[in-house]
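K.L.:
Sequence:
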Amino acid sequence: MNYYPLFLNLKGRPVVVIGGGAVAERKTASLLRAGAAITVISPSFTPRLARWEAEKRIIAHHRPYRRGDLDGAALAFAATDQPSVNEAVAREGRRKRIPFNLADRSDSDGFIVPAVFSKGGMTIAVSSGGKSPALAKRIRDYVKDNLHPEEQRWVELLAQIKRILISKKVSPPKRRAILNRLAESDGAILYRKGEIQAANTLLLKLSGLRRTDLSLPAVTSLENGTTRGKGIR
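If you count by UniProt numbering, then the sequence shown holds residues 1 to 233, one letter each, in order.
There could be a bad hint or two in this list.
Subject to a maximum C-alpha distance of 27 Å in a straight line, what follows is the list of computed BS3-like cross-link-like pairs (lysine-lysine) [unchecked claim]:
1) K96 x K11
2) K144 x K131
3) K193 x K162
4) K119 x K137
5) K131 x K162
6) K205 x K193
7) K11 x K137
8) K174 x K144
9) K205 x K144
10) K162 x K144
11) K193 x K119
12) K169 x K137
13) K168 x K131
14) K11 x K162
Label-pair restraints from in silico Cβ distances [to be verified]:
15) R48 x N180: 35 to 45 Å
16) K11 x P64: 25 to 35 Å
17) R51 x K174: 27 to 37 Å
18) K96 x A159: 29 to 39 Å
19) S128 x L32: 21 to 31 Å
20) I189 x I59: 28 to 38 Å
21) I124 x R181: 16 to 26 Å
What the hints contain is simulated information worked out from the structure, not anything from laboratory work.
Quick reminder that beta carbons are idealized off the backbone N, C-alpha and C, glycines included.
Could you build all of it, start to finish, from the sequences and the hints given here?
P.N.:
The structure is reproduced here in structure tokens:
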């Protein structure tokens, strides 16, 4: 089965999780990080889910799933240990055209959730298409372990440049060309090697911006490892 990779903005969007065990807890934790408005439905809850209920971070219904529980949901997660319940959730999702995830079925017509790593302005998602979630997690961890902090800094700089280009009303085609040149350049490698001046010079050259336009990494403090996030104008 071929899947279309997609990142969703779930801030404030209603999401329903059916189940109250460890799997439901993991799903809920990631949804909380995304800022979703979460309703969890299950006869029992893990201690962590119960704490989130007490903290009013989730809405909890202490009962089994029943038809109609997905009304108004943007997404639904079926995360119980009962295949018949999970399939009932899937049927409701299909009928109401609500995207759903079945925790115990990677071969269903619902969506799957990739292994994700987020830090700074970068999010990396790895999926095996449901064939081997364990392998996807291993690949994610490899990327996580080999991603240098200065590559994350480079992402933040590119985001800063994009905002400036938009504010200067640079046309979308030209803006894309500039950002593509920067993404394909050796800038991140230069920062990683500590060659800050060379990286800053390259960034200014490829972006066409002036030093006064940007908050660039400070050469001396960054090379000495004494400052993070400060800049020079």
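K.L.:
For a quick check of understanding: which of the numbered hints are violated here, in increasing order?
P.N.:
Hints 5, 8, 9, 12, 13, 17 and 20 contradicted; others consistent.
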